[in-house]
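Can you build the whole structure from these sequences, using the hints too?
Here's the letter readout for the chains.
There are 2 protein chains.
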Amino acid sequence: MASTISPAAAAAALASIATPTTLVGQHQLYTRIRLATPADVPHIHKLIYQMAVFQNETHLFTATESSLATTLFNSPPFQSFTVFILEVSSNPFKNIHSPAFLPIERTVLVDHVAADPEAETFKSGVVNENDDDVTVAGFVLFVPSYTTFAGKPGFHVEDLLVRECYRRKGFGKMLLSAVAEQAVKMGFKRVEWSVLEWNVNAIKFYEEMGAKVLTEWRVCRLTGDALEAYGDANY
Amino acid sequence: MASTISPAAAAAALASIATPTTLVGQHQLYTRIRLATPADVPHIHKLIYQMAVFQNETHLFTATESSLATTLFNSPPFQSFTVFILEVSSNPFKNIHSPAFLPIERTVLVDHVAADPEAETFKSGVVNENDDDVTVAGFVLFVPSYTTFAGKPGFHVEDLLVRECYRRKGFGKMLLSAVAEQAVKMGFKRVEWSVLEWNVNAIKFYEEMGAKVLTEWRVCRLTGDALEAYGDANY
Numbered sequence: 005m006a007s008t009i010s011p012a013a014a015a016a017a018l019a020s021i022a023t024p025t026t027l028v029g030q031h032q033l034y035t036r037i038r039l040a041t042p043a044d045v046p047h048i049h050k051l052i053y054q055m056a057v058f059q060n061e062t063h064l065f066t067a068t069e070s071s072l073a074t075t076l077f078n079s080p081p082f083q084s085f086t087v088f089i090l091e092v093s094s095n096p097f098k099n100i101h102s103p104a105f106l107p108i109e110r111t112v113l114v115d116h117v118a119a120d121p122e123a124e125t126f127k128s129g130v131v132n133e134n135d136d137d138v139t140v141a142g143f144v145l146f147v148p149s150y151t152t153f154a155g156k157p158g159f160h161v162e163d164l165l166v167r168e169c170y171r172r173k174g175f176g177k178m179l180l181s182a183v184a185e186q187a188v189k190m191g192f193k194r195v196e197w198s199v200l201e202w203n204v205n206a207i208k209f210y211e212e213m214g215a216k217v218l219t220e221w222r223v224c225r226l227t228g229d230a231l232e233a234y235g236d237a238n239y
Numbered sequence: 005m006a007s008t009i010s011p012a013a014a015a016a017a018l019a020s021i022a023t024p025t026t027l028v029g030q031h032q033l034y035t036r037i038r039l040a041t042p043a044d045v046p047h048i049h050k051l052i053y054q055m056a057v058f059q060n061e062t063h064l065f066t067a068t069e070s071s072l073a074t075t076l077f078n079s080p081p082f083q084s085f086t087v088f089i090l091e092v093s094s095n096p097f098k099n100i101h102s103p104a105f106l107p108i109e110r111t112v113l114v115d116h117v118a119a120d121p122e123a124e125t126f127k128s129g130v131v132n133e134n135d136d137d138v139t140v141a142g143f144v145l146f147v148p149s150y151t152t153f154a155g156k157p158g159f160h161v162e163d164l165l166v167r168e169c170y171r172r173k174g175f176g177k178m179l180l181s182a183v184a185e186q187a188v189k190m191g192f193k194r195v196e197w198s199v200l201e202w203n204v205n206a207i208k209f210y211e212e213m214g215a216k217v218l219t220e221w222r223v224c225r226l227t228g229d230a231l232e233a234y235g236d237a238n239y
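For the protein sequence lines, the chains are R and A, in the order given. Numbered continuously in the numbering used here, the first sequence closes out at residue 239. Numbered continuously in the numbering used here, the second sequence closes out at residue 239.
Hints should not be assumed to be uniformly reliable.
What the hints assert, rightly or not - Okay, the calculated bits of chain A under chain R, using three or more residues with CB under 8 Å as the criterion:
1) 91-98
2) 114-127
3) 190-198
Unchecked claim - Below are the DSS-like pairs computed for lysine-lysine, each with C-alpha atoms no more than 27 Å apart in a straight line:
4) 173(A) <-> 156(R)
5) 156(A) <-> 156(R)
6) 216(R) <-> 177(A)
Hint data in this document are derived by calculation from the structure and do not stem from the laboratory. Beta carbons are placed, not taken as given, at the ideal position from N, Cα and C, and that holds for glycine.
So this is what it looks like as structure tokens:
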């Protein structure tokens, strides 16, 4: 079949170089990934709780805003615990000052923007008071790891969450890609994370991103009283 | 049956308060766990290679003494990558200055001290030149992790190795316990590591130490070209 390009389509194609083409029923959504600041702690706290709900582990949730605030921001970004915040807005973002990490901005076309039942709770604007339309949609928390065989650092992704009404729009990939991009920038040789074996959608998604699921390895965990017992030097 | 205590046994029991009782055929071995220094890099490099051999992954071994030296000692101990060195000696250790971590010393009784075919290669004495009888027997490399549900840090143990001729003497437990003890001291809530599922001896050993093996979780790993692809911001 011969392909024909209508003048309207050609104009649209040219226009798409500057801005994405919006099809009927599609919406433009501005997205930004930036470093978290202590002002984000209330949102981070609620996002972690939502993750505990998703994993049926709310009984393990003891984090407080205070425990997060006192532990997350003690080292320069990427040297220890680091949090990226994903924000969305229907308007372009104002610039923010962030010398340690240039925020990643993308304009995405989404077929449908579901009403955000928690829009008020997750209203951002913590960085720029004029950004009154900015909503926190997700986060990723990661920390340096070490690849002994390569003698090089890597990143271990501890948690990644995109809020329910913003899922299936590529935002999870955007967050994980931001960590991978940062790893490459820093000459790191590995990005690792854990996934529940029953979460087949997540596994498919990670494999599509180029990750390998290591079937032979198991995680060992020492916590609670079993860990505290080692506080006594006479164990 | 009435119990009787012979004068010789009573004397031995009293003596054991000061020094362990040595049975016929047993040997005293002095052990010490201390923080690694840059001078340990050649030994760390060789130990990591032995680990690659054990895991049948020498094809992944690209670490050099230089890559280890430039990446392992850039942060204060316990804030980022941290290495404990296990040393053994047939003589008591001389004191070393180590304000960040008071070395852990134990005198152990071993039934048999096998000849160490690599004694010369792993001769320590890097801390104190008078310690000419000190041999590096193993190491553990660990790094802070983050327990989001608790809002607290933890440790992730990246690698642990006891050299072949020093195995089955409790030294692996000693190294892992030192990490756990440090975690408790710092108010950390978790120590985690990975184990190969076929390494049933290791799993049994870890469970005896109080660890739980998480059967549901799988490790995802992004490395090599798949990772490097994210270095291009247009992924």
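We went through each hint and held it up to the structure:
Closer than 8 Å: that is the beta-carbon criterion, and the segment 91-98 of chain A has 0 residues meeting it against chain R, so the requirement of 3 is violated. Counting residues of the segment 114-127 of chain A whose CB falls under 8 Å from any CB of chain R gives 0; the rule of at least 3 is not met. Beta-carbon proximity to chain R at under 8 Å applies to 6 residues in the segment 190-198 of chain A; the threshold of 3 is reached and the given coverage holds. Our distance criterion of 27 Å between C-alpha atoms is broken by residue 173(A) and residue 156(R), whose separation comes to about 31 Å.
For the proposed pair residue 156(A) and residue 156(R), the alpha carbon gap of about 25 Å is at most 27 Å, so the pair holds. Of the supplied pair hints, the one linking residue 216(R) and residue 177(A) is violated, its CA atoms being roughly 31 Å apart against a limit of 27 Å.
When each numbered hint is compared with the structure, violations occur for hints 1, 2, 4 and 6.
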